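Colleague: Okay, here's what each chain looks like letter by letter:
There are 2 protein chains.
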Amino acid sequence: LLSWRFMRDVNVGIVGLGNVGSGSLTILTANSGEIARKLGFRLNVRGLCSRTIRTKSLPAGVGEVFTTTDWFELVTHPDIDIVAELVGGTTVAHQVVDEAIRHGKSVVTANKELMADCGLEIWSAASQAGVHLAFEASVCGGIPIHHVLRDGIAADRIQTLFGILNGTCNYILTEIERRQAKFDDVLREAQALGYAEADPTADVEGYDARSKLALLATLAFGQRTRVADIYTEGIRRISPEDFEYAAQLGYTIRLLCGARRSADGIRVSVRPALIPKDAILASVHGGYNAVWVRGAHGQDTFYYGKGAGPEPTGVAVVSDMMRLARDVRERRCQLSSPFAYQTLEPARILPIEDERKPWFLRFRVKDRPGIIAALATTLAEWAVSVDAVLQLPAKDKQNLPFVITVEAAPEHAIRAAVRKMGDYDFMADAPLALPMETGV
Amino acid sequence: LLSWRFMRDVNVGIVGLGNVGSGSLTILTANSGEIARKLGFRLNVRGLCSRTIRTKSLPAGVGEVFTTTDWFELVTHPDIDIVAELVGGTTVAHQVVDEAIRHGKSVVTANKELMADCGLEIWSAASQAGVHLAFEASVCGGIPIHHVLRDGIAADRIQTLFGILNGTCNYILTEIERRQAKFDDVLREAQALGYAEADPTADVEGYDARSKLALLATLAFGQRTRVADIYTEGIRRISPEDFEYAAQLGYTIRLLCGARRSADGIRVSVRPALIPKDAILASVHGGYNAVWVRGAHGQDTFYYGKGAGPEPTGVAVVSDMMRLARDVRERRCQLSSPFAYQTLEPARILPIEDERKPWFLRFRVKDRPGIIAALATTLAEWAVSVDAVLQLPAKDKQNLPFVITVEAAPEHAIRAAVRKMGDYDFMADAPLALPMETGV
Chain W
1 LLSWRFMRDV NVGIVGLGNV GSGSLTILTA NSGEIARKLG FRLNVRGLCS
51 RTIRTKSLPA GVGEVFTTTD WFELVTHPDI DIVAELVGGT TVAHQVVDEA
101 IRHGKSVVTA NKELMADCGL EIWSAASQAG VHLAFEASVC GGIPIHHVLR
151 DGIAADRIQT LFGILNGTCN YILTEIERRQ AKFDDVLREA QALGYAEADP
201 TADVEGYDAR SKLALLATLA FGQRTRVADI YTEGIRRISP EDFEYAAQLG
251 YTIRLLCGAR RSADGIRVSV RPALIPKDAI LASVHGGYNA VWVRGAHGQD
301 TFYYGKGAGP EPTGVAVVSD MMRLARDVRE RRCQLSSPFA YQTLEPARIL
351 PIEDERKPWF LRFRVKDRPG IIAALATTLA EWAVSVDAVL QLPAKDKQNL
401 PFVITVEAAP EHAIRAAVRK MGDYDFMADA PLALPMETGV
Chain H
1 LLSWRFMRDV NVGIVGLGNV GSGSLTILTA NSGEIARKLG FRLNVRGLCS
51 RTIRTKSLPA GVGEVFTTTD WFELVTHPDI DIVAELVGGT TVAHQVVDEA
101 IRHGKSVVTA NKELMADCGL EIWSAASQAG VHLAFEASVC GGIPIHHVLR
151 DGIAADRIQT LFGILNGTCN YILTEIERRQ AKFDDVLREA QALGYAEADP
201 TADVEGYDAR SKLALLATLA FGQRTRVADI YTEGIRRISP EDFEYAAQLG
251 YTIRLLCGAR RSADGIRVSV RPALIPKDAI LASVHGGYNA VWVRGAHGQD
301 TFYYGKGAGP EPTGVAVVSD MMRLARDVRE RRCQLSSPFA YQTLEPARIL
351 PIEDERKPWF LRFRVKDRPG IIAALATTLA EWAVSVDAVL QLPAKDKQNL
401 PFVITVEAAP EHAIRAAVRK MGDYDFMADA PLALPMETGV
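Protein chains in written order, with my numbering: chain W, 1 to 440; chain H, 1 to 440.
In case anyone wonders, no lab produced these hints; they're calculated from the structure.
If you're wondering where the values come from, they're calculated on a predicted model, not measured in any experiment.
Misleading hints may appear alongside valid ones.
Unchecked claim - From the derived model, a few chain W residues whose C-beta atoms are all more than 10 Å from chain H:
#, residue
1, A30
2, R188
3, T343
4, I372
5, V418
Unchecked claim - Covered by chain H, per the in silico footprint, the following chain W stretches (three or more residues, Cβ under 8 Å):
#, region
6, 75 to 82
7, 86 to 99
8, 296 to 305
9, 308 to 314
10, 356 to 363
Built from N, CA and C at the ideal position, the CB exists for glycine as well.
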């Protein structure tokens with residue numbers, strides 16, 4: 001028995017051969033020699049399932065593999081040890097994962113929505129069935145951030161995590177900045193180039209980043225964070241002028257995913273924010289993702305890589321398979337939690353409205369005397385102190401952009417003041433309030 | 001038996017309570033609750049050994065611990081499962097590790113010299129004894145780069161790795177840049193601040209970085225790379241003018257550790273080099289470390305954090321303990337290699353002299369007509385094409401710095417040309433040749 005355990009290779013099956021599925025398959029075949037040399041045994045592709053499997057050309061060297069259009073056949077196949085669910089969505093994907101677990105297969109998935117919504121229940125089913133679960137690929141394709149949080153810096157007590165978790169938004173924002181282009185124009189181009197989807201809502205409204213942040217916060221703090229807990233704001237209102245004003249202050253703008261822990265609980269948000277130009281997060285351009293972590297002991301660390309793409313995400317899928325393959329062969333008694341903590345607590349979510357930060361308030365007004373006085377008076381009503389007033393030369397006096405920055409103030413005061421300021425008849429547009437994150 | 005395995009906590013012993021030892025002990029006590037919640041069992045500090053243990057005040061909450069001045073007592077103590085060797089040096093440290101392994105203890109070490117020199121032999125002894133070995137803390141204190149290479153991006157085939165692996169050199173270089181200060185002055189200040197040692201040789205000559213690169217190259221490529229394989233050049237000759245000229249070209253200068261794999265073998269070097277200002281490695285300032293990796297599949301990823309310090313390095317030590325503690329409880333059959341590959345090949349080291357790169361050549365001359373013509377003629381003799389000649393205003397005509405950049409040329413041609421150019425009687429100082437790394 002012992003020698004059989006030593007000798008035995010591990011077989012994987014892939015359900016779904018879209019971008020991530022084909023990327024994973026490419027790596028499993030092209031890099032099979034290195035993978036075997038790292039593991040000390042082989043990781044074989046044994047089964048492939050896709051609705052369009054008949055039309056797919058499989059890579060050379062894929063070996064002895066069965067193909068099917070029926071996922072149930074794959075997840076119940078006796079030769080398969082590990083199932084990769086790479087279907088996407090939350091309906092069929094959920095069934096695939098559940099049935100795979102029920103049939104004693106360990107599961108790798110790249111599915112952020114599924115894991116953010118039902119990950120804990122799936123992990124509970126997996127641990128009752130004695131099978132392993134991993135989902136590195138669900139967040140920041142090419143960055144091994146799950147491995148880092150679970151193992152690499154496991155000994156640290158994480159206090160703050162900031163991420164740039166959506167490559168589409170980061171591409172759009174850095175293009176607006178680089179070319180002083182308008183949001184709508186850049187979005188259209190991004191769609192034409194395939195960087196943004198036909199329906200861009202999930203990306204530009206921050207929903208995609210929110211699912212990822214829910215998972216990262218859960219792993220970082222051991223508190224189950226749900227998407228509904230996360231204050232979320234998209235990037236549609238960011239304009240080239242905002243970058244110009246931010247630059248004057250030594251800042252840039254990113255869709256910033258933040259998770260902070262205090263003694264009382266955690267605060268989580270996805271929103272466009274100003275970050276200092278010399279912060280390392282500000283060097284994240286285009287379709288890259290990054291995560292910045294501050295721990296009580298290890299201080300700050302930073303992780304950066306491709307946010308998506310078949311092969312970067314495939315590296316995450318196949319690296320998960322490798323780790324699980326070791327565990328499958330060893331028949332571990334204690335399954336190690338994919339959420340970094342063996343037991344999760346319910347999240348104690350604190351309102352972000354109480355946090356004190358400096359703010360960047362951008363207005364578009366129909367110019368006339370007394371505007372600054374009116375706005376400053378309103379801010380004073382909520383005890384908010386003005387830090388600076390910035391106005392770049394502009395032609396259109398009926399739609400004049402300018403910026404007021406204010407000293408650290410609680411968000412509820414800013415929101416109330418902005419609500420009142422929006423009612424002034426000189427406003428050409430609702431004011432835009434962005435927090436200034438000085439601590440990244 | 002099964003329930004005993006589930007219930008059992010894991011006991012660690014620490015040999016050496018200097019910076020890293022005390023940092024690790026702080027984390028093990030201050031963060032013990034989180035660590036237990038992550039593991040599902042407790043990681044107890046059971047024994048502490050230090051020559052000066054009598055004078056140490058132990059942190060509150062350290063629990064039931066025995067102290068000793070005799071490392072042999074600790075590594076042979078029947079209660080201890082994992083020994084952390086944090087003595088440093090290669091004499092006693094080697095004995096501690098050998099005896100711990102011989103007595104069936106798993107070992108965590110932060111010792112880069114020991115692991116770079118004898119790591120493979122130690123791992124071989126450990127695997128014969130059926131115990132685990134880990135040395136995350138030996139490279140880039142706060143950055144979990146071992147975990148990343150072993151597990152996080154294990155599925156990738158790494159092609160290139162660039163690192164900033166010595167915090168002292170990085171501090172000195174970025175201070176020279178920031179303040180236009182001289183190397184000797186910055187070094188003296190760094191020594192006064194405790195950032196550099198009284199004898200700075202190991203840092204400023206690149207030897208410390210070289211040990212770290214030997215380990216990283218071994219993990220990245222699965223080829224055993226030794227310090228003697230690595231071309232090494234220190235930073236003593238870098239001057240403020242070099243940064244000024246580099247900035248004119250859109251570059252900065254770092255002590256760059258490089259490891260590149262081709263079909264025929266690997267090339268490894270530690271040397272000051274020009275890197276583009278907009279490369280993410282250029283955003284690494286002060287005492288930080290960073291590693292940039294390019295894989296065949298995952299493309300580029302980047303990892304950044306504190307290079308040293310008691311607690312950042314302690315996070316690496318204790319995270320290693322946590323991983324090993326899981327494996328110790330499970331009594332794994334196949335020990336997983338700390339070198340990322342279960343089997344290492346001997347390194348096929350290729351000469352760096354064959355690599356073609358653009359170069360930055362800085363001269364200090366006694367000014368007179370015909371100098372540029374003489375140098376250009378010499379370069380032409382070795383078929384090296386001049387790209388640009390840069391000369392900033394300077395007062396001292398007897399020691400006039402200026403720069404010639406050349407198009408991509410093999411290093412052996414540059415070295416030969418520079419040797420000849422050094423003989424010209426107008427040279428006030430030996431020419432300085434720095435490669436321009438455009439691909440980071």
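Colleague: If a hint holds in the structure, say so; if it does not, say that too.
Modeller: Tested hints:
1. A beta-carbon of chain H is positioned within 10 Å of the beta-carbon of A30 of chain W; the least distance is around 8 Å.
2. Annotated as non-interface, R188 of chain W keeps its C-beta farther than 10 Å from every C-beta of chain H; the closest such distance is 26 Å.
3. Here T343 of chain W does not stay apart from chain H, with its beta-carbon only about 6 Å from theirs, under the 10 Å limit.
4. For I372 of chain W, the shortest C-beta to C-beta distance to chain H comes to about 37 Å, beyond the 10 Å cut-off, and the non-interface label holds.
5. Every CB of chain H is more than 10 Å from the CB of V418 of chain W (nearest about 34 Å), matching its label as outside the interface.
6. Counting residues of the region 75 to 82 of chain W whose beta carbon lies closer than 8 Å to any beta carbon of chain H gives 0, which falls short of the minimum of three for the stated coverage.
7. Coverage of the region 86 to 99 of chain W by chain H is violated [criterion: at least 3 residues with CB-CB distance below 8 Å; count 0].
8. For the region 296 to 305 of chain W, the proposed coverage by chain H is satisfied: 10 residues have a C-beta within less than 8 Å of a C-beta in that chain, meeting the threshold of three.
9. Counting residues of the region 308 to 314 of chain W whose CB lies closer than 8 Å to any CB of chain H gives 4, which reaches the minimum of 3, so the coverage claim holds.
10. Coverage of the region 356 to 363 of chain W by chain H is violated in this model, with 0 residues showing a Cβ closer than 8 Å to a Cβ of that chain against a need of three.
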